[in-house]
Amino acid sequence: MSKLRTRLFQSWFRLSRPMTLGVRAAVENEAGHVFMVRHTYVRGWYMPGGGVEKGEPAVDALGRELVEEAGVRLNAEPRLISVYSNHHNFPNDHVLFYHVPWGSWEPVKATSLGEIAETAWIDPKLPPEGINTGTRMRFEELYGGLPISPYWAHRT
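When you line the sequence shown up against UniProt numbering, it's residues 1 to 156, in that order.
For the record, the hints were derived by calculation from the structure and aren't laboratory data. Some hints here could point you the wrong way.
[Unchecked claim] The calculated label-pair distances, taken between Cβ atoms and stated as ranges, are:
#, residue 1, residue 2, range
1, Arg38, Arg79, 22 to 32 Å
2, Pro147, Leu113, 34 to 44 Å
3, Glu56, Ser104, 19 to 29 Å
4, Gly55, Trp121, 32 to 42 Å
5, Trp121, Arg79, 11 to 21 Å
For each residue, glycine too, the CB sits at the ideal point set by N, CA and C.
Hey, can you work out the whole structure from these sequences and the hints?
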């Protein structure tokens, strides 16, 4: 059922937006662990983030998504790591990836209802099973010295 719901949402999203833009962030706690979410509508662990709405600046979208999914409010400008092509997922899709270190955010009540199944702080050098290729690549770039790829997950 979740696969059908995801495909219907993705189809609607593609028809309503010929180019899509998303944001994701590596939000770190004091121990250097990264906040991860498991959504109710797709399998696996992801860094918090989501789509940029029409007319919305990307950094505002990131701030909105972090409050919704992670209960994190930015109190400093996040650092943009790179812009990635996500064409393997949708034609003409891009993802902006940000770094949000400890001290640049404050905890607030998460506002997303029903979207998040589980959250965890994980060591990015020892990621859990179930993270996708894109998340694994971002961890290797940010924490392992891997050169930054222009592709979120797979070269098309």
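Evaluation of the provided hints:
The given range of 22 to 32 Å is respected by arginine 38 and arginine 79, whose C-beta atoms sit roughly 25 Å from each other. Between proline 147 and leucine 113 the Cβ separation comes to about 39 Å, which falls inside the hinted range of 34 to 44 Å. For the hinted restraint 19 to 29 Å between glutamate 56 and serine 104, the CB-CB distance of approximately 21 Å keeps it satisfied. At roughly 33 Å, the beta-carbon separation of glycine 55 and tryptophan 121 lies within the given 32 to 42 Å, and the hint holds.
The beta-carbon spacing between tryptophan 121 and arginine 79, approximately 20 Å, falls within the hinted interval of 11 to 21 Å.
Figure legend: structure checked against the earlier numbered hints; every hint is met.
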